[in-house]
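Participant: Numbering (numbering that gives the first Met the number 0) for the sequence shown: 0 to 282.
Mixed in with the good hints, there may be bad ones.
[As the list claims (entries may be wrong)] Calculated cross-link-like contacts (lysine-lysine; reagent style PhoX-like; alpha-carbon spacing at most 20 Å):
| no. | residue 1 | residue 2 |
| --- | --- | --- |
| 1 | K212 | K256 |
| 2 | K155 | K143 |
| 3 | K155 | K141 |
| 4 | K119 | K141 |
| 5 | K155 | K119 |
| 6 | K119 | K143 |
[What the hints assert, rightly or not] Label pairs and their computed distance ranges (CB to CB):
| no. | residue 1 | residue 2 | range |
| --- | --- | --- | --- |
| 7 | R121 | N222 | 26 to 34 Å |
| 8 | K119 | R174 | 19 to 27 Å |
| 9 | T123 | S198 | 18 to 26 Å |
| 10 | S137 | S207 | 44 to 52 Å |
| 11 | L145 | T95 | 20 to 28 Å |
| 12 | R118 | P279 | 42 to 50 Å |
| 13 | R121 | P279 | 16 to 24 Å |
| 14 | T209 | R121 | 40 to 48 Å |
| 15 | T95 | P156 | 26 to 34 Å |
| 16 | G201 | K278 | 12 to 20 Å |
Rather than coming from a laboratory, the hints here were simulated on the basis of the structure.
Cβ coordinates follow ideal geometry from the N, Cα and C atoms, glycine included.
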Amino acid sequence: MVTKPRIPLSVTTPEQQVGPKSGARARPTPTRPDGIQETPRLCPDTEAVTTAQPEARLLVVEDEPNIRELLATSLRFAGFEVHVAADGATALHLATVHEPDLVVLDVMLPDMDGFTVTRKLRDTGRQLPIVFVTARDSVDDKIKGLTVGGDDYVTKPFSLEEVVARIRAVLRRTRGEVDDGASMRFEDLELDEDSHEVSRGGRSIDVSPTEFKLLRYLMLNPNRVLSKAQILDHVWDYDFRGESGIVESYISYLRRKIDLDGVPPLIHTKRGVGYVLRKPPEG
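Build the full structure now, drawing on both the sequences and the hints.
Facilitator: Here it is as structure tokens:
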């Protein structure tokens with residue numbers, strides 16, 4: 000019998016920490032021969048994760064294999080496309096080949112440090128955002144990282160959930176996305192951050208806090224198909240540990256309020272992939 004998939008909480012819970020060059024620490028669980036403690040993995044919504052349009056393209060640069068694998072896996076499950084490099088030279092090459100939206104960069108690399116990688120990227124005219132994730136935690140290192148062009152600086156040990164949140168915050172800033180306290184509009188649908196009010200075609204719509212958060216996420220990503228895993232991550236912040244059917248339920252609630260009879264529907268289902276806010280096709 001096929002069970003409904005769940006979001007893979009095992010790689011991104013706040014309790015799971017990554018230390019400096021030491022892999023992951025989690026609740027007491029069986030330990031693999033390489034020293035990484037294993038946690039039971041929930042079955043991901045595989046098709047949604049691999050088929051939905053990625054939230055952004057990331058390049059993870061980390062020479063320690065366990066941390067590199069853990070970061071890449073966590074970020075992929077969070078909805079990102081991820082490429083990896085184990086040294087600075089490879090990172091510079093992949094940055095040209097894949098043109099990432101953001102680089103997650105360790106400072107201590109075998110051939111050149113992360114500060115040098117950042118300078119070389121900047122020297123080529125590339126202004127892509129950079130988030131340092133490193134064991135170098137002195138104030139001088141943090142200042143240096145931000146001075147050479149880093150957009151954020153996270154020190155080990157770190158929470159994987161925190162890294163995901165910081166990456167999204169940097170992407171929002173650098174993309175110029177709508178921040179709190181602003182109003183959003185898509186077609187005749189409006190959402191006001193200050194008053195927490197929603198309207199369509201001038202008609203006021205009463206929504207719950209969760210419905211408001213879900214609608215806001217859809218409006219921040221118009222015309223982009225969002226998987227159930229991505230929606231669970233953004234709207235429920237990993238706190239809801241039920242089936243992904245909760246997303247279907249809340250999408251249904253929103254549709255009843257937003258897409259009334261007689262008006263063009265804006266919330267659409269991409270079967271087997273996820274949901275998208277878009278204008279209906281002509282005719």
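Participant: Each hint needs a verdict: does it hold in this structure or not?
Facilitator: Outcome of the hint check:
Restraint check for K212 and K256: the C-alpha separation of about 15 Å stays at or below 20 Å, so the hint holds. With a C-alpha separation of about 17 Å, the suggested pair K155 and K143 falls inside the 20 Å cut-off, and the hint holds. This hinted pair checks out: K155 and K141 have alpha carbons roughly 12 Å apart, not beyond 20 Å. The hinted pair formed by K119 and K141 meets the criterion: a straight-line CA distance of about 19 Å does not exceed 20 Å.
Only pairs whose Cα atoms come within 20 Å are accepted, and K155 paired with K119 is rejected, the gap being roughly 24 Å. Our distance criterion of 20 Å between C-alpha atoms is met by K119 and K143, whose separation comes to about 15 Å. The hint said 26 to 34 Å for the Cβ distance between R121 and N222, and at roughly 32 Å that hint holds. A hinted range of 19 to 27 Å holds for the C-beta pair K119 and R174, which are about 24 Å apart.
Checking the proposed 18 to 26 Å range against T123 and S198 shows it is violated: the Cβ atoms sit about 46 Å from each other. In this structure, S137 and S207 meet the distance hint of 44 to 52 Å, their C-beta atoms being roughly 46 Å apart. Between L145 and T95 the beta carbons are some 24 Å apart, a value that agrees with the proposed interval 20 to 28 Å. Here the CB-CB span from R118 to P279 is close to 48 Å, well matched to the stated 42 to 50 Å.
Between R121 and P279 the Cβ separation comes to about 44 Å, which falls outside the hinted range of 16 to 24 Å. Distance hint check for T209 and R121: the Cβ-Cβ separation is about 41 Å, which falls inside the suggested range of 40 to 48 Å. In this structure the supplied range 26 to 34 Å holds for T95 paired with P156, their Cβ-Cβ distance being about 32 Å. For G201 and K278, the Cβ-Cβ distance of about 18 Å falls inside the hinted range of 12 to 20 Å, so the restraint holds.
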